[in-house]
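S.K.: With the sequences and hints as input, model every part of the structure.
Residues per chain, in single letters:
Protein chains: 2
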Amino acid sequence: MNQVTLINPFKVPPFQEESFLDFWGSVAAYMRLQPGFLSTRLHKAAWEEAHFRFINVAIWESEEHFQAAIDKAEFKELTAPYRDVFPHYPSLYEVVRT
Amino acid sequence: MNQVTLINPFKVPPFQEESFLDFWGSVAAYMRLQPGFLSTRLHKAAWEEAHFRFINVAIWESEEHFQAAIDKAEFKELTAPYRDVFPHYPSLYEVVRT
Chain A
1 MNQVTLINPF
11 KVPPFQEESF
21 LDFWGSVAAY
31 MRLQPGFLST
41 RLHKAAWEEA
51 HFRFINVAIW
61 ESEEHFQAAI
71 DKAEFKELTA
81 PYRDVFPHYP
91 SLYEVVRT
Chain B
1 MNQVTLINPF
11 KVPPFQEESF
21 LDFWGSVAAY
31 MRLQPGFLST
41 RLHKAAWEEA
51 HFRFINVAIW
61 ESEEHFQAAI
71 DKAEFKELTA
81 PYRDVFPHYP
91 SLYEVVRT
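Line by line, the protein sequences are chains A and B.
Going by this note's numbering, the first sequence opens with residue 1, and the numbers climb by one from there.
Going by this note's numbering, the second sequence opens with residue 1, and the numbers climb by one from there.
Careful, some of the hints might be misleading.
Put simply, identical chains are the same to the list, so a pair is met inside one copy or across any two.
Computed cross-link-like contacts, SDA-like style, restricted to lysine to any residue with a CA-CA straight-line distance of at most 25 Å [to be verified]:
| id | residue 1 | residue 2 |
| --- | --- | --- |
| 1 | 11 | 59 |
| 2 | 76 | 47 |
| 3 | 44 | 68 |
| 4 | 72 | 95 |
| 5 | 44 | 90 |
| 6 | 76 | 16 |
| 7 | 44 | 15 |
Read the hints as simulated data drawn from the structure, not as lab findings.
M.R.: So, in structure tokens, the structure goes:
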């Protein structure tokens with residue numbers, strides 16, 4: 001089992017920034033308590049015209065740990081109200097070049 | 001001047017992976033020689049259904065350094081043939097939450 005990186009770009013209109021940050025904070029609080037969670041960094045675009053205003057980059061001990069965290073009912077309840085509000089494109093990644 | 005993070009998600013069809021990696025390698029070789037370049041990590045999706053097969057994350061000393069690197073004619077010549085081949089959504093970012 002190798003470390004994996006979750007990268008999740010979010011489309012967020014300017015007037016919904018505060019709402020997004022509240023949402024992100026509550027999901028991050030949940031994630032921090034899950035086995036295998038290592039770290040997370042929320043990036044905010046410095047360019048006004050950016051396609052994705054926020055991109056989350058989190059490190060997990062393994063794909064299995066991350067999958068277990070998102071399979072729990074608690075995670076689904078937490079994210080359900082926002083699933084369609086902020087279009088997002090999550091996937092796990094591995095670093096292939098440096 | 002603060003450190004900035006370039007995040008650039010790329011849509012790449014499976015059959016163009018090798019072509020993308022060649023392209024990425026030639027741009028990375030150029031970037032490494034530019035003042036203010038600190039590091040780069042190319043991420044490949046672990047999930048077949050990922051929206052973005054590759055995401056590049058690079059650290060630069062400042063927005064000014066990055067802007068100077070992409071303003072040069074050499075950069076434009078290097079990237080022009082691929083600009084429309086691999087849809088991509090670059091922006092500079094700052095970390096706002098950890």
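S.K.: Against this structure, judge whether each hint is valid.
M.R.: Tested hints:
{"no.": "1", "hint": "11 with 59", "in the structure": "both (21 Å within a copy, 22 Å between copies)"}
{"no.": "2", "hint": "76 with 47", "in the structure": "between (32 Å within a copy, 20 Å between copies)"}
{"no.": "3", "hint": "44 with 68", "in the structure": "between (27 Å within a copy, 21 Å between copies)"}
{"no.": "4", "hint": "72 with 95", "in the structure": "neither (27 Å within a copy, 28 Å between copies)"}
{"no.": "5", "hint": "44 with 90", "in the structure": "both (16 Å within a copy, 13 Å between copies)"}
{"no.": "6", "hint": "76 with 16", "in the structure": "within (21 Å within a copy, 35 Å between copies)"}
{"no.": "7", "hint": "44 with 15", "in the structure": "within (14 Å within a copy, 32 Å between copies)"}
Checked against the numbered hints given earlier, the structure breaks only hint 4 and satisfies all the rest.
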